[in-house]
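Place chain X on chain S using the hints.
The primary structure of each chain is shown beneath.
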Amino acid sequence: MILVRAPLRISFVGGGTDLPDFYHSSPGRVLSVTIDKYVYVLINPTPLVHKFTIKYQKTEFVDSPEEIENTRVRATLLDLDIRKTGIEIGSFADLPAKTGLGSSSSFTVALLKGLNAYLGKNFDKGELAEAASRLEIELLKEPIGKQDQYAASFGGFNIFQFNEDDSVDVESILLDYKKKLLLEDHVLLFFTGITRTASSVLTDQKSKIDKNFDTYKKMADSVFEFNELLLAGDIKSMAKMLHEGWERKKSLSSNISNSIIDELYKAGMNSGAMGGKILGAGGGGCIMFLASPEKHAEVRKKMNEMFKKNNLSDGKEIPVRFVQSGTDILLNNDNTLNGF
Amino acid sequence: MKDYIKTFLNEIEGSLKNLPEKEIAKAFNILQAVYERDGRVYVFGNGGSLALATHWVSDFNKTVFSHHLDKQIKRFQAIRIPTTESELTAWANDVGYDMVFLGPLQNYLQENDAIIAISSSGNSLNVIKAVEFAKKKKVAVIGLSGFDGGKLNELSDAKISVPTGKGEYEIVESVHAVILHLMVKYFKDYFDHIMERKQKNS
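Protein sequences appear in the order of chains S and X. According to the working numbering, the first sequence holds residues 1 to 340 in order. According to the working numbering, the second sequence holds residues 1 to 202 in order.
Bound conformation, chain X alone:
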């Protein structure tokens, strides 16, 4: 049993050590620029990835500003799509599952937004369709993928791929959670620093 656990943890450790730091830094810059121009961040994925997207939205919109919730500072506008299960099932049932992200994204997406697409294989058709739409609109794409990165990694501006063997969903999704929390932590520290500076100067 202990060996089994150790093996899994070693694989996670190996993936964490090989993460593309530069691409994660690019993602920070994309999010910073969106914040400055009052744009929105749309985030999506299937299954566990959709759960990660939902979790990240609450962290990014609220936890980033946790230490300053009483202050009137401009916050992030991160939105998970589809925003309701009604919309999800309407697109899936009436049009097709490949439209569940692209459908809602077409209603919202403006040039000054950014998207975060999450797909372990990097090849989920519904994710790729939404990403292609964003690319056509010249909207910045942060892509979180795994395995060999797939098409998502090719299309993304910030290519955050967790290199693993094919089908290693548990590793990829676990590491995706780490990367998403890193984004939250970075901006939380950033805004704390800005607020401290403001207080010092006033």
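If we strip away everything but chain S, and leave its shape as in the complex, we get:
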């Protein structure tokens, strides 16, 4: 049995500039951090059951990879040419899908790492991120970028630069614990209860990249300034940048925000938050604020009122800590069994 864990992520600045339509003209950059909420993939050989057993919200029990409905699992098995029956793949997660925290790519990264381990292969972080990106973007034709695959694979605070030649530079931000915990103490994260697929928002956004080129360029460049503020522990200026970035991002596509999101954001800001943004492609998912710890109770109260008022029964706070670890194999006892 092989158990793999991949973290979700919060992106602070630059999200969207990881789309190839932009970075093929000018380098894209994203600054993000992984959090203590994970997607787990479990792979178990079932030598006595000659089937492919896939367990997620539903259970699939089929004879060949082609028959698998789950697109990611099907594509991965076919791509790795795993055709021998007798394998069970299950997935588990700390949070629901479509929250804007990159969970679908975290799943792909975990799945790839696990299935490669199943085949006795071992990828480094860069190879793993690239393999997951290739699977989602080239094989599954998803209109997404590469930031989530890289964030999940590497873990921690990073700046990812997406180059015109499709290579990616990874710069780990060496943040000491004081700055890290200070930022953690200011972060408030709420799931809005509104879900959307990133693809639906990104397809519209992608079609307008040419028109909004200068805005994208500014977003990609803002990563440097944010990094300096992060290293200096300047929460107030970081919050201001997030706010400006969010305003800027909204102009890229009418799908990125909507009246409820705008209202939720305004409510948070009016009850004491210094800045914030919607996480992920937009249109729903999570909303993050930076607020002084003494203001947290007030923002929390206001957001809960707003969720009630808008009938967002799934809207709730997600307590969050930053983590350094990326996608890891927590258990691999396949070899031990072979020894007997």
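No false leads were mixed into what you were given.
With a straight-line cut-off of 27 Å between C-alpha atoms, the simulated DSS-like cross-links for lysine-lysine are:
(1) S:179 <-> X:71
(2) S:179 <-> X:22
(3) S:236 <-> S:250
(4) S:266 <-> S:98
(5) S:179 <-> X:198
(6) S:98 <-> S:316
(7) X:166 <-> X:151
(8) S:302 <-> S:266
(9) X:198 <-> S:301
(10) X:22 <-> X:135
(11) S:266 <-> S:240
(12) S:178 <-> X:74
(13) S:178 <-> X:71
(14) X:62 <-> S:178
(15) X:198 <-> S:302
(16) X:138 <-> S:125
(17) S:125 <-> X:137
(18) S:301 <-> X:200
FYI, nobody ran anything at the bench for these hints, they're computed from the structure. Predicted model, so just to flag it, every value in this text is computed and none were measured.
This is chain X only, laid out in the frame that chain S set:
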């Protein structure tokens, strides 16, 4: 006499000032990630370096948590290899000295672990063999070396080399002790901070 002492201290000071801070920071991140995923840290070296490894293990496993020994917090799992002199001599006598670290490491090492390899020259064959094994398993390597860094510095993920002339063991080993204590101090302060925050919030 005073001049002799002064010269040595100046050399130490010079080495300390030229330490690769960024690489030490990378080592902190590697250790942090190992802690989060419940991995283990294996540490080893020859002679004085083995003594440093032993000293560090006791500091890292216990002293880091000294202020909170009564609390049930998850601790580090640092292990010096070989763990017993019996194992050391068994490998050395029966197979060869180049196997004293690789031999035991093969029994233990899992993908979610990390290793700290200590070698002043950066070229000790038994150390390099163990490091190459870790690299093959994609396990993160923190390398503490001296002189020109040697092969260890090339192979490491966190390349902590103390630049000195060839053969300056006293300088290198002294500065290695400083770096290892810095790791201990950083995580001690970190966990103190976390526990204080916990108390404040409860």
